[in-house]
Structures are given as C-alpha cells and as structure tokens.
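Q: Sequence:
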Amino acid sequence: MKNWRFWLLTLGFDAYWALAVGLRERGELIAAAIAVLALLLSPNGSRWPLLTLAILGIALDSLWLALDLFHFSGSHWLPLWMLSLWLAFACWWRTLMATLKLPVSGLIALGAIGGPLSYLIGAQLGAMQLQRSAALVYPLLACGWAIYLPLTGWILRNR
1 MKNWRFWLLT LGFDAYWALA VGLRERGELI AAAIAVLALL LSPNGSRWPL LTLAILGIAL
61 DSLWLALDLF HFSGSHWLPL WMLSLWLAFA CWWRTLMATL KLPVSGLIAL GAIGGPLSYL
121 IGAQLGAMQL QRSAALVYPL LACGWAIYLP LTGWILRNR
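Position 139 of the sequence shown, counted from 1, bears residue number 139 in the UniProt record's numbering, the numbering being contiguous throughout.
Quick caveat, the hints were computed from the structure, so don't treat them as lab data.
Beta-carbon label-pair distances, calculated as ranges:
(1) Phe6 with Ser133: 29 to 39 Å
(2) Leu51 with Leu8: 22 to 32 Å
(3) Leu8 with Gly114: 14 to 24 Å
(4) Ser118 with Arg157: 21 to 31 Å
(5) Asn44 with Pro139: 38 to 48 Å
Even for Gly, the Cβ is constructed at its ideal location relative to N, Cα and C.
Between the sequences and the hints, there should be enough to build the whole structure, so can you do that?
A: This is the structure:
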C-alpha cells in the first residue's frame, strides 16, 4: 500500500472516531452506515476476519460493562455508535497491520497504551463515565487491549 494511502486512511479513521464519539446518538446512523460501507469496501476474503475482530472488541467492552467499570452515556449496553466504531476500527486495523507489520511485543505495547488512551479521551468528551476508580479501570483496559491487539494480529495473519 502506498504510504500516502495509509496516512489518508488513518486520518479518516481518526476523524470518524472523533465524530462517532463526539456526536454519539445524534450521529449513530451515519456512523453505522460508514462502518458497514468500510466493511463492504474491504476485500472479500477479509470480511469474516474483520467481523471477528469487531465481535471480539464488542465482547471486550461488554465484559467491562458487566464488571461495571464504566457505562456509556444514555445506554445500559453498548450503543450503536460504539458497535459501529468497533467495526470501523477492525477495517482500519487490517490496513494498519498490513502496513506496519508490528511484532507481538509492539502490539502488546500499542494495545496497553493506545486502548486505554482512547477510553480516557472518550470519558473526557462525556461519551462514557467511569463507575470505578481510574486506578482500577485503566490498568484493566491496558491488560485487555494488550491481549486484544496481538489476538487480532494472529487472526489477520491466519485467515
């Protein structure tokens, strides 16, 4: 993939994330349509693995909700905008994995730092509220993401 395309897709996903988290329920149908379009524009052979990545992310967030670590504004379960965000993330993540080819240790570090950081920013934007102390929530998120990202790498490599 050309370097400019990677950066354009990354900028696009960052804008998507900001709009999905910023608009939440007010923009969830648009967020869902964009995520489904991203899946449909993905290569045929990668659609099932991408759905698997999204489902695993949704399961991870569902675990955090079941443990009452946080909740999303206006919802007792994962809102549609968050489900859409997981699907869009999976589509973008496939591109990132194909471009960067990170080793497992890099995926662990990226997950442990980047995952909790996105939730921290989401909480600052009012998209979610912590139900437990940050000293408990963010290390648990770091552990979850440190497992999730290497698992996604394995799934994408072995599809």
